[in-house]
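First to last, the protein sequences are chains A and B. With the working numbering, the residue at position 21 of the first sequence is 21, and numbering never jumps. With the working numbering, the residue at position 46 of the second sequence is 46, and numbering never jumps.
Simulated from the structure, these hints should not be mistaken for laboratory data. Take the hints with a grain of salt, since some may be wrong.
Calculated lysine to any residue pairs in the SDA-like style (CA-CA distance at most 25 Å, straight line) [as the list claims (entries may be wrong)]:
1) A:K60 <-> A:A100
2) B:K13 <-> B:V100
3) B:K69 <-> A:A59
4) A:K2 <-> A:R23
5) A:K2 <-> B:A74
6) A:K45 <-> A:Q74
7) A:K73 <-> B:A59
8) B:K69 <-> A:R85
9) A:K60 <-> A:Q40
10) A:K2 <-> A:A100
11) A:K76 <-> B:A88
12) A:K73 <-> B:T48
Per label pair, the in silico range of CB-to-CB distance [claimed, not checked]:
13) B:D52 <-> A:K2: 20 to 30 Å
14) A:F3 <-> B:K3: 24 to 34 Å
15) A:R85 <-> B:K3: 35 to 45 Å
16) A:K2 <-> B:L81: 32 to 42 Å
17) B:L26 <-> A:A104: 46 to 56 Å
18) A:F98 <-> B:K3: 18 to 28 Å
19) B:I98 <-> A:G72: 47 to 57 Å
20) A:S103 <-> B:A88: 33 to 43 Å
21) B:P63 <-> A:F3: 38 to 48 Å
22) B:M87 <-> A:D63: 40 to 50 Å
23) B:A51 <-> A:F98: 18 to 28 Å
Everything numeric in this text was worked out from a predicted model, so none of it was measured. Every residue, glycine too, gets a C-beta built ideally from N, C-alpha and C.
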Amino acid sequence: MKFSSDLIRGVAEPIVLRLVAERPMYGYEIIKDVNQRTNQAFEWKEGTLYPCLHRLEAAKLVDSEWREATSGKQRKYYRITRKGRAFLRDKVSEWTSFSAAVSALLLCSHEA
Amino acid sequence: MDKAERIARVLDKATSSLKADPELCLDVRAELQSHIDDTIDRYLAEGTSEADSLGRALAVFGPAEEVGKRLLEANRRRMKLRALARMAVRRALVPASILVAAILCVQLWHRGEDILSVSKYPPAEPGALPCEPLKAAARGAAALPRWGPPSSGGSQRSISIWSSRRSSCSCRLMYSRITSSSRPKVETK
Chain A
1 MKFSSDLIRG VAEPIVLRLV AERPMYGYEI IKDVNQRTNQ AFEWKEGTLY
51 PCLHRLEAAK LVDSEWREAT SGKQRKYYRI TRKGRAFLRD KVSEWTSFSA
101 AVSALLLCSH EA
Chain B
1 MDKAERIARV LDKATSSLKA DPELCLDVRA ELQSHIDDTI DRYLAEGTSE
51 ADSLGRALAV FGPAEEVGKR LLEANRRRMK LRALARMAVR RALVPASILV
101 AAILCVQLWH RGEDILSVSK YPPAEPGALP CEPLKAAARG AAALPRWGPP
151 SSGGSQRSIS IWSSRRSSCS CRLMYSRITS SSRPKVETK
């Protein structure tokens with residue numbers, strides 16, 4: 001199932017923050033992880049991920065550094081900041097309330 | 001078009017919107033390049049041919065212009081702030097360098113006056129410096145036979161012989177220079 005880009009854009013930032021909160025990750029690794037965890041339901045591309053990462057970095061929710069990976073290649077790793085963790089907590093609680101409210105409306109048994 | 005050129009073309013399109021900030025542009029370019037390389041490696045590991053791997057990696061990347069637009073939107077605020085910071089540094093740097101130069105000039109001026117007015121060495125007395133070794137060396141040099149035309153006492157003939165020898169010497173030197181410069185050079189690599 002393909003999701004609309006508006007829907008994805010709204011949740012991309014909390015998802016990326018959640019992933020880099022687990023461990024520092026680089027872009028390709030994030031896309032691979034997202035696609036695997038969602039069973040390819042999300043098919044993120046560079047055009048979705050990198051603008052999102054750069055917005056988070058500009059807002060100081062993540063910071064980045066170039067590091068040598070185990071393969072010997074230079075990669076840009078992103079990790080969450082303290083401000084990012086606080087933002088993520090707020091977003092998770094917001095999403096929980098929001099999804100419950102939307103589900104209550106969309107999945108109700110009343111006939112339209 | 002080879003692999004590197006195709007990737008470079010896509011990266012040029014994707015990062016052209018960030019050219020106003022060269023440092024950021026290079027950083028994003030390196031990041032995208034690393035991502036494309038990883039995607040190609042994944043397809044190669046799956047057994048896809050090199051040409052197909054590149055084609056699939058660039059197809060997955062999506063339209064480069066669209067990626068560029070999104071990157072500009074995401075970085076616009078940061079670019080503005082960085083541009084302002086650069087401008088502020090440039091504006092502050094010129095007056096600061098003039099000020100530092102002026103301070104250095106004043107300090108050097110004062111130090112120069114001190115050096116001229118006060119010397120740490122006492123004035124030398126007449127005959128204090130031993131000149132005998134120098135005088136002996138000069139006498140020794142004068143006693144050696146001179147290489148050149150006889151300065152005095154030589155006949156007109158000996159002067160003209162010396163002169164012709166000297167001119168033939170310089171002709172030979174010139175000839176050897178010309179032949180060495182026109183000699184064909186052999187590449188040793």
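### Message
Which constraints among the numbered hints does this structure fail? Numbers only, ascending.
### Response
Failing hints, ascending: 1, 2, 4, 8, 9, 11, 18, 20, 21, 22 and 23.
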